[in-house]
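Novice: Going down the list, the protein sequences come from chains C and H. Sequential numbering of the first sequence, starting at 5, is according to the numbering used here. Sequential numbering of the second sequence, starting at 678, is according to the numbering used here.
Read the hints as simulated data drawn from the structure, not as lab findings. One or more hints might be untrue.
Covered by chain C, per the in silico footprint, the following chain H stretches (three or more residues, Cβ under 8 Å) [as the list claims (entries may be wrong)]:
id	region
1	890 to 902
2	931 to 939
3	974 to 982
Ranges of calculated distance between the beta carbons of each label pair, as one might list FRET restraints [claimed, not checked]:
id	chain 1	residue 1	chain 2	residue 2	range
4	H	Ala695	C	Ile70	58 to 68 Å
5	H	Arg878	C	Arg188	49 to 59 Å
6	H	Met884	C	Ile8	24 to 34 Å
A virtual CB, placed ideally from N, CA and C, is assigned to each residue, including glycine.
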Amino acid sequence: MTVIFDGIASGLLLFLISVGLSVTLGLMNFVNLAHGSFAMLGGYVCVVLLNRLGVPFLAALPIVAIVSALVGVALERTLYRRLYGASDLDQVLFSIGLVFMSISIAHYFFGAQQQPLQLPAMLSGQFNLPGLDVGVYRLFLIVIGLAIAVGLQWMIAGTRFGAQLRAAVDNPRTARGLGIDVDRVFVLTFALGSALAGLGGALGVEMLGLDPEFPVKYIVYFLIVVAVGGSGNIKGSLYASLIIGICDVAGKYYIPQVGAFVIYAVMVVTLIFRPQGLFGRTAAK
Amino acid sequence: MTTTTLAGFDPAPLQRQARWQHAEYAFWLLPAAAYFAFGDQLALLSQIAITALFALSLDLILGYAGIVSLGHAAFFGMGAYTAGLMATHGWNEPLAGLAGAAVIAALAGFVTSFLVLRGSDLTRLMVTLGVALMLFELANKLTSITGGVDGLQGIEMKPILGQFAFDLYGKTAFIYATLVLFVLFWLARRIVHSPFGLGLRGIHLNMARMPALGTPVNARLVGIYTVGAAYAGIAGALLTQTTQFVSIDVLSFPRSAELLLILVLGGTGSLYGALIGTVVFMTAHHLLSGINPQYWQFWLGALLVLVVLFARDGVMGGLRALARRLPGAAK
């Protein structure tokens, strides 16, 4: 039971970070491998706020999201937007370049060591139910993850902005013709994706650790979630994250020799049988 | 019908393209010149030759056939480990090692090519990446065979063909690597200018049209992917034999990413682009990391971003543009 619970928690953490990618990659069709860099940015901002400025954890989270969103907007305006029409390969190369740069920058300012993060007392510790040890922080992750999943799903499927976004992605020209400000929609969406990445990164420091190699170490997990879940699909990402989280934790717990092999295999097999992902929309390209 | 279309077809321009030009002969004198000019840097020069071969292998796949791959290091690593394991198990004739690595990598390429044929570019990127990562994990965990993170040690090579022993200064290693590179380059040049290679370029340009012309698209792609994998395997084997060590690094993601950068830097879709890109990249790497080893990655990243934004065709594209502007050079 504990394994499943931990799996769900780490799955939802994965979801928190990768849903941002699902937004940029899936909805905007931009292969943003630098997504992990935004998560890392969030992590570092959070650490600085907590350890150097003494901001309480819960108050730090919104600041992290805002900072990440601002950086996201700045990069979108200056660099990303030039590549919206480019081929997948160009986007991949470009974002790998960003990843390398972000690693060096993190190195320069923070050094290679892991960053410590002290959780507030109310979120640490655990309580025991019969047959189940519940870590308070993990419970917290699960609650936040589910809240964001529901919120996003509602935003994309139920609001005016969501409808504009879907229209802008499916057919930018017609969307423009209908008076939708496609540029603005994309900026906002990119900001949202970055904010989610930053938030996920900040929440993940406790469980994933934080060092300059973060973007390379975990980008694969995020991509797997999006690939398995099917891009542009909040529900798909959620289920995929849960599957991957549980497989990962269970795999590491029961057969540690195999390590991360399990999830890579899950991804490759999924892509062979369902190139669009488990819950993918048929490609709108 | 067929005869009339063939009669209207003039193969002369294609044949002219396939012929060796003066600049190419000159280019291949460079390694010899480098050997005498930079005699104290032979280890670096061998690295350049090996990386050039590796870049060539990706160029065949990406530049000519248009198959994107984020996991080409998988084949490089397989070749490296194959050669290493053959040597530690008492089969340490270098050429046999190359052949073994080529066969194993080609097999792996053949098998995985069917996965790569499916889906869009994005799926391909993910699948190739996934395959490479699986191999990395495998090498990482099978410590009894591969040595895991510590690498594979205790590799000793016999003299090449029983004649030329590897020396301490890396002279033999450099000549060996360069000769292998040259032979394989020559072969790649033949492949690219053969009907098979022309078919590939057609597939790259217009995937939907080639079946209508009677080209078996999938068979061609499987073929070139296998060849590319074999090339990468040989490059890996060369690295193992010249450094007498296999680090788990050979399978890592940064290696695949760097390779893409090299290719984009040099210009995809031209064999010399791969070679020139390697020379530029490795020299820059050597100089920059000499100045500042920690932040070398920053410049690497910046370079990548700039190339994608402003110089999409790389060095070769620049050269071609230059050639077009020079009076009299226009063909």
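Novice: If a hint holds in the structure, say so; if it doesn't, say that too.
Specialist: Outcome of the hint check:
no., hint, verdict
1, 890 to 902, "violated (count 0)"
2, 931 to 939, "holds (count 4)"
3, 974 to 982, "holds (count 8)"
4, H:Ala695 x C:Ile70: 58 to 68 Å, "holds (60 Å)"
5, H:Arg878 x C:Arg188: 49 to 59 Å, "violated (41 Å)"
6, H:Met884 x C:Ile8: 24 to 34 Å, "violated (45 Å)"
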